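In order, the protein sequence lines correspond to chains A and B. Under the working numbering, the first residue of the first sequence carries the number 1, and numbering increases by one thereafter. Under the working numbering, the first residue of the second sequence carries the number 285, and numbering increases by one thereafter.
Warning: the hint list may mix true and false statements.
As the list claims (entries may be wrong) - Computed footprint of chain B on chain A; a stretch qualifies when at least three of its residues, placed anywhere within it, have a C-beta under 8 Å from a C-beta of chain B:
| # | stretch |
| --- | --- |
| 1 | 152-165 |
| 2 | 212-225 |
| 3 | 255-269 |
Simulated from the structure, these hints should not be mistaken for laboratory data. Bear in mind that the values here come from a model prediction, so they are computed numbers and not experimental data. Glycine included, C-beta positions come from ideal geometry on N, C-alpha and C.
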Amino acid sequence: MTEAAGKTSGGKGFWIVLGILVVGNLGLSFFFAPRQVELQHAPVVQLPNFLVVLGKIHPALTVPGKWMPAHVTFTWLIMGILVVVGALGTRALRPVPGPLQNFVEVVIEWFYGLLDQMIGRQGRQFLPLIGTAGLFILTSNLLGNIPGFQPPTANWNTTVALAVTVFIWYNVAGIRKHGFLNYLKHFCGPIWWLAPIMFVIEFIGHLARPVSLSIRLFGNIFGEESVIVILISLAWLVMPYLIWLGIMLPLSLFTAIVQTFVFIMLSMVYIAGAVEVGHGEEHQ
Amino acid sequence: MRNDEPSVLRQLARLSTIGVSLVAATAIGLAIGYGLDRVLGTRPWLTLMFTLFGIAAGFLNLFRDVGMLGRGRR
Numbered sequence: 001m002t003e004a005a006g007k008t009s010g011g012k013g014f015w016i017v018l019g020i021l022v023v024g025n026l027g028l029s030f031f032f033a034p035r036q037v038e039l040q041h042a043p044v045v046q047l048p049n050f051l052v053v054l055g056k057i058h059p060a061l062t063v064p065g066k067w068m069p070a071h072v073t074f075t076w077l078i079m080g081i082l083v084v085v086g087a088l089g090t091r092a093l094r095p096v097p098g099p100l101q102n103f104v105e106v107v108i109e110w111f112y113g114l115l116d117q118m119i120g121r122q123g124r125q126f127l128p129l130i131g132t133a134g135l136f137i138l139t140s141n142l143l144g145n146i147p148g149f150q151p152p153t154a155n156w157n158t159t160v161a162l163a164v165t166v167f168i169w170y171n172v173a174g175i176r177k178h179g180f181l182n183y184l185k186h187f188c189g190p191i192w193w194l195a196p197i198m199f200v201i202e203f204i205g206h207l208a209r210p211v212s213l214s215i216r217l218f219g220n221i222f223g224e225e226s227v228i229v230i231l232i233s234l235a236w237l238v239m240p241y242l243i244w245l246g247i248m249l250p251l252s253l254f255t256a257i258v259q260t261f262v263f264i265m266l267s268m269v270y271i272a273g274a275v276e277v278g279h280g281e282e283h284q
Numbered sequence: 285m286r287n288d289e290p291s292v293l294r295q296l297a298r299l300s301t302i303g304v305s306l307v308a309a310t311a312i313g314l315a316i317g318y319g320l321d322r323v324l325g326t327r328p329w330l331t332l333m334f335t336l337f338g339i340a341a342g343f344l345n346l347f348r349d350v351g352m353l354g355r356g357r358r
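Pulled out of the complex, with its shape left as it was, chain A reads as follows (with noise of 0.2 Å):
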């Protein structure tokens, strides 16, 4: 076994720096223990919550507390975000683009490329919608990473606006393209007799999409959140900081990009489903 160890390429190193690393983390953890350290992770920016004056108008629109929900905070800061590198990006163009300009053309030609493949002919009017919940979503996401910042996409809220407006776009979309009654029709099945069963189940069906949508996005960047949260709050025992840096950090980034994707990826699914209900749903 110690050949085994001698042969690999710092083998015996790594044990040492492990011993080292585990004692320091206890002589650490004795010297700090009695310090009262708070779980508390406090959010970088914070807002006053100009919004009470919304409560005088009328006392159901009060938002309580002193500053703004996080989230909002946060879902300001990302559209900023957004606003400012894609105004910064298209605002002299130019025939041999800028890097900044160049990196805007990659990522619409990706989201151009993902509707060509996943949606058809039809699928570039969606780049508004399918763009802006990818980037926004994206962003928040590896915001998330940076500790003091909470991503907005850990709040339910948020995620269930964002699947809402998925649903009701890809049903317009449907009734846009089909007609009112054409599009309900295809709830309806091929059995005649069967028809107002198979309504009832396609609507709980279509119901359940945004729910499992809003319901997985948010769960894995809650989740993510915690974790960090709670590593980053026992960071005085220094082994939890390491943890962070080494598992959860490119844990929770490979989290972020395809919880993203998945997000984009199902909203096409739908788009596509609702927009060819007639190829799609017969050959199943």
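Position chain B against the provided structure of chain A, taking the given hints into account.
Positioned in the frame of chain A, the structure of chain B alone reads:
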């Protein structure tokens, strides 16, 4: 050409709906039935019926998503 082989990520996206949508459809069916029961005052019946519809909807979604497995769109 590129439509022939669905990427792993895309299949992952489709398959990750299965678990949640099964539960969500059942829960929504239950919620609709319960709400209708409260409005119409027909205590147990609509809850039962719509829960069954919800379960059916969940399994319909399940079979559709699984049927998509291994087969690309188009």
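Here is what the structure says about each hint:
no.: 1; hint: 152-165; in the structure: violated (count 0)
no.: 2; hint: 212-225; in the structure: holds (count 3)
no.: 3; hint: 255-269; in the structure: holds (count 6)
Checked against the numbered hints above, the structure breaks only hint 1 and satisfies the rest.
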